[in-house]
Amino acid sequence: MNNRQIKDLLYEQVARIGKAVSSPKRLELLELLAQSERSVEQLAGELSIDIKLASAHLRALREARLVTSRKEGKFVIYRLTGDDVAGLWVTLREVAQEHLVELRVALDQMVAEPSKLLTVDRETLLKRAKRGEVLVIDVRPQEEYEKAHLPFARSMPVQEIASRLAELPKNKDIVAYCRGPFCLFSEEAYRLLSSKGYRVQKLLDGVSEWQAAGMPLAET
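Here the sequence shown is numbered in the working numbering, starting from 1 and rising by one per residue.
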């Protein structure tokens, strides 16, 4: 094998990753699996696609060694092959946000009110949460919180907030976060809590963004 053939082979192997993540649905699968492992049926439901199509997308990710699977009874459970795969998703999104004006416009539409976004840096938020000056709530499903969450955060799935308002203080700032900038759970939490008179803001970070920035995570 000559030098040209070797170089072609090297680039071809790296291109396998690019090919695997070239689908919007596969990117969403990576984001979901960065939160916690899931069955094919759960993933299909989250993406609003049929199980056969979900399986095909997962197969493409598995062939690129980005996900792995195991059998649990009659179910096939998928997970990422490493934290670096979650970091890959964060990097791809950040590069797209930096260079694609269409993406920035779409994100701006999601965040029509800048005042709803938390503006302090991650280190400051962590210190304030540790001191009890701010209450951070994780509005993702409980199983995602249990796998990993921001330090000092309290689990409060978005569908439970309305029935758990008594647990939230009105004399303290509340920060809600979910799966990252594309997740709408924190927007739902913000709208509900602000309409009830709570001092609430959104954090665009999810656990993947937090970890990619070198910040610590906690587990239950």
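The set of hints was computed from the structure by calculation and includes no laboratory data.
A portion of the hints provided could be inaccurate.
[Unchecked claim] Mimicking DSBU-like on lysine-lysine, the simulated pairs with C-alpha atoms at most 35 Å apart in a straight line are:
hint, residue 1, residue 2
1, Lys71, Lys127
2, Lys170, Lys130
3, Lys147, Lys130
4, Lys172, Lys196
5, Lys71, Lys130
6, Lys52, Lys130
7, Lys25, Lys147
8, Lys25, Lys116
9, Lys7, Lys19
10, Lys127, Lys147
11, Lys25, Lys7
12, Lys71, Lys147
13, Lys130, Lys116
14, Lys52, Lys71
15, Lys147, Lys196
16, Lys196, Lys116
17, Lys116, Lys170
18, Lys52, Lys25
19, Lys74, Lys127
20, Lys196, Lys127
21, Lys147, Lys170
[To be verified] Taking CB as the label site, the calculated pair distances span:
hint, residue 1, residue 2, range
22, Asp50, Val111, 26 to 34 Å
23, Lys170, Gly214, 32 to 40 Å
24, Ile51, Ala218, 47 to 55 Å
25, Arg79, Lys52, 14 to 22 Å
26, Asp173, Ala218, 13 to 21 Å
27, Asn171, Gln13, 51 to 59 Å
28, Gly214, Arg131, 31 to 39 Å
No residue lacks a Cβ here, since even glycine has one placed at the ideal position from N, Cα and C.
Taking the hints in turn, this is what the structure says about them:
no.	hint	verdict
1	Lys71 with Lys127	violated (41 Å)
2	Lys170 with Lys130	holds (19 Å)
3	Lys147 with Lys130	holds (20 Å)
4	Lys172 with Lys196	holds (14 Å)
5	Lys71 with Lys130	violated (40 Å)
6	Lys52 with Lys130	violated (45 Å)
7	Lys25 with Lys147	holds (23 Å)
8	Lys25 with Lys116	holds (28 Å)
9	Lys7 with Lys19	holds (18 Å)
10	Lys127 with Lys147	holds (22 Å)
11	Lys25 with Lys7	holds (31 Å)
12	Lys71 with Lys147	holds (19 Å)
13	Lys130 with Lys116	holds (22 Å)
14	Lys52 with Lys71	holds (17 Å)
15	Lys147 with Lys196	holds (30 Å)
16	Lys196 with Lys116	holds (15 Å)
17	Lys116 with Lys170	holds (16 Å)
18	Lys52 with Lys25	holds (13 Å)
19	Lys74 with Lys127	violated (45 Å)
20	Lys196 with Lys127	holds (27 Å)
21	Lys147 with Lys170	holds (29 Å)
22	Asp50 with Val111: 26 to 34 Å	holds (32 Å)
23	Lys170 with Gly214: 32 to 40 Å	holds (34 Å)
24	Ile51 with Ala218: 47 to 55 Å	violated (33 Å)
25	Arg79 with Lys52: 14 to 22 Å	holds (21 Å)
26	Asp173 with Ala218: 13 to 21 Å	holds (20 Å)
27	Asn171 with Gln13: 51 to 59 Å	holds (57 Å)
28	Gly214 with Arg131: 31 to 39 Å	violated (21 Å)
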